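Asker: Work from the hints to combine the two standalone chains into their complex.
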Amino acid sequence: MEYYLRSALIAVGLMILQTTFVPFLSVEGFLPDLLLIWIVYFAIRRGQLDATVAGFAAGLLQDLLTMQFLGLAAFSKTIAGFAAGYFYNENNTEQTLSSYRFLLIILLCSAVHNITYFGIFLQGSEGMSIPTLMEYTIVTSLYTTAIGALPMFTFARKQGFAS
Amino acid sequence: MFQRIYDFVLLFREYVVLSGLLLISLTLLAFNDNVQMRHMRAFTTVAFGLVQEQLSIVPRYIGLRSENNRLRNTLVNLTDEVSRLREARLENIRLRRLLGLNESPLYPLTGGKVVGKNLTLLRNTLTLNLGSRDSIREQMPVIGDGGLVGVVSHVADGYSVVRILLNTDFRASAKVQRSRVDGILAWDGRSLLLNNVAKTLDVKVGDVVVTSEYSLTYPSNIRIGIVEEVQEQQGTLFKKVFILPGVDFVKLEEVFVMNYTPDRERLMLERRSPGQSRR
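For the record, the sequence lines run as chains A and B.
With the numbering used here applied, the first sequence corresponds to residues 1 to 163, in that order.
With the numbering used here applied, the second sequence corresponds to residues 164 to 442, in that order.
Chain B with its partners taken away, still in its complex shape (with noise of 0.2 Å):
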């Protein structure tokens, strides 16, 4: 075995060498972080995409079986939520109503399927198979089953590209839903955190973290995930929050565009005043 190996190394040797050194040149490449890599990235993951779609013609028989069994408790669960849920919206209307705020508005989901997955980089995307041609702009968020999923980031006309929560280039600002406590998720490359969250302020294993009334890029009181650890660190002022994301990036296949664009007066107003800066 080892000797055909090494025979068939030694007859094509000068391809071998070639495609060895190609593929350091190439992680090099990958090491970049400029205009021009970017592009590349954006241009190979739309092209992964569009072959991928191709492929995905070819049914996947297996694991149908554990999804189906998976799908069915999913539906019974949420079955039962809905009809709880029903039950709490029309009290909150009641409740709002009451107390005179205004409704939360709705905003219009595109449903899309994932094409294209690149999970294994510092600045991990996603790509739909939507695009320009369905109404999708840069910017605008994306959620799947669990909650949120990240924001388009690229738009071609058949198919746009999103950098989800698992991306060093990735901020929103969230909340702990139980406290109210604000904070910055972030991706540090290992794991997802909820940064600028004082050690006084009360955040527990458990709570569900929300996106946060002062995000521009995205609407409030989606879910993003729950708290997994929180690290009491020491020499400076904030704890370390450890987010377990909502959505699982492995095995997401569909996924909705909302088409939420920010408040054009709120977004004007806090660029004419110093120092804000939110995503």
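Next comes chain A alone, as it looks inside the complex (with noise of 0.2 Å):
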């Protein structure tokens, strides 16, 4: 109970973050996803299970603060969720947080969760085709993969001074 309230508290004060200090970091107007690098290391500490509700309840957090498109981030962050829950393994968490794996299921999750926020935000736009749906993704999950090396580089330290 104790581990859901502080995960609840971090996932919180990284949606503050994600609306106060990340619009600082827009590099052409991308931002990196903070709340999803946090799904993604829920996934792969706690599961599939708790990684789609993890993601469901950020991404309504997240439409609720905004107030822009309300359900779009908790449908899709449902998904990349879901989708994180694939690489957990309780065996080797500790590895695959600490190692370049993390990056890439980062990368793909981010994939995911951008193609399906985009496909549908910029439905019914002048600008609306599959280039810009591509390079919002892409650009979108590459910048969020290049923040996630930031926990993924703590992990590693952390492991090394544990070993």
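Note that these hints are calculated values from the structure, not bench results.
Among the hints, erroneous ones may be present.
[Said to hold, decoys possible] Among the chain A residues that face chain B by a calculated CB cut under 10 Å, a handful are:
| no. | residue |
| --- | --- |
| 1 | Gly55 |
| 2 | Lys77 |
| 3 | Ile79 |
| 4 | Ile120 |
| 5 | Gln123 |
[What the hints assert, rightly or not] Chain A regions said to be covered by chain B (calculated; three or more residues, Cβ under 8 Å):
| no. | segment |
| --- | --- |
| 6 | 40 to 52 |
| 7 | 62 to 74 |
[Stated by the list, open to error] To be clear about the criterion: a stretch of chain B counts as covered by chain A if any three or more of its residues have a C-beta under 8 Å from a C-beta of chain A, and this derived list gives those stretches:
| no. | segment |
| --- | --- |
| 8 | 168 to 181 |
| 9 | 186 to 194 |
| 10 | 201 to 212 |
Every value quoted in this text rests on a predicted model; they were computed, and no experiment measured them.
In this text, a Cβ means the ideal position worked out from N, Cα and C, and glycines have one as well.
Answerer: Here it is in structure tokens:
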């Protein structure tokens, strides 16, 4: 219970960071998604079921805070959480988090998330086309993955100290 | 039985939770009313229409007999009505000539089939197997056997989406045929209403409601339905007039799109004058 409460507080903290600090890291309008990194981390630690619920809760929180497009972040982050859950292996949790495998999982889940998110978000807009959707998906996924390297190095250092 | 269901849910709990959460997300998404969702709705309706059309080749034997009887009865009634209308038309032509009035124009109709229905939402629509290939354009009126069905809102090559009377975005200028009382037809999500009818005006239950000459989108005198109930409201200047549509949207299968475009001269003139915005 305490673990879930702590995770919820981390998610709220990351959400506040996402809406206040992260916009300053904007590159040509593209932003990394801190909540998605947290969902992938949660999936590797807790498994598919918890990650799916965490994805939904985080997405809903994002929707409620931004009030931009209610349900969209919840929808795409639920799918991302479910996808991330496939990489859960309770015997390899620490190794996964501290290796480049973590970044690959972030990249894949971010791609799944962004293709769903932007696939709906760009509907009906004049610039909607497959190349535009790909551009949004690839750039945002790569940027999120790059930011995901920070926790990966932190886990790697921790594991180095532990061994 | 319950044990089996429980075992099944337990075995596939990840998928069950995923489905449940996606369903909640989609419900939340459906509450939005922005460009994206309108685009998605139109796309989904056309996609469902395509599937339904493919499935419609399977004959519907159940209910065929009762439908046949109903159609036979309607045919008898209509044959009788046609002969009386012929007489009335001849009389009408004669009287119009006497008074020097112009004939009301007839608009060409394009018949089509309903291949998709959305009747459970606030913004209900139909999908027709007619599109731009059949010269269908947006804002064309659609009629059925019972009268006005709605207006074409989106057109693709082979399909079009119709915004029906039971849609919160639908508006039409209408009038009571007997007393010539005008009002604005709108659906509030539960009932079809004739709005802006002052308390002093003459509207009775059973009166036929038709489109009025004030409408730019619809030709005049298309039957809409009948007055089902009239409520006197306290604290307002208007009556609440409930309309029962002539069209049964649940059973509707065939419709006609009217090749009607508003009179450009009138449109331009009304747009130039301030305060003109009619449907």
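Asker: Does each hint hold? Answer for all of them.
Answerer: Now for the hints, and whether the structure bears them out:
1. Gly55: 8 Å, holds
2. Lys77: Where the cut-off is 10 Å and the nearest Cβ of chain B is about 9 Å from Lys77(A), the hint holds.
3. Ile79: 7 Å, holds
4. Ile120: Cβ of Ile120(A) sits 6 Å from chain B, so the hint holds.
5. Gln123: 4 Å, holds
6. 40 to 52: This one holds; 3 residues, not fewer than the three required, reach chain B with a Cβ under 8 Å.
7. 62 to 74: Since 6 is at least three, the answer is holds.
8. 168 to 181: holds (count 4)
9. 186 to 194: Answer holds; 8 residues pass the 8 Å Cβ test.
10. 201 to 212: holds (count 4)
The structure fails none of the hints (numbered hints given earlier).
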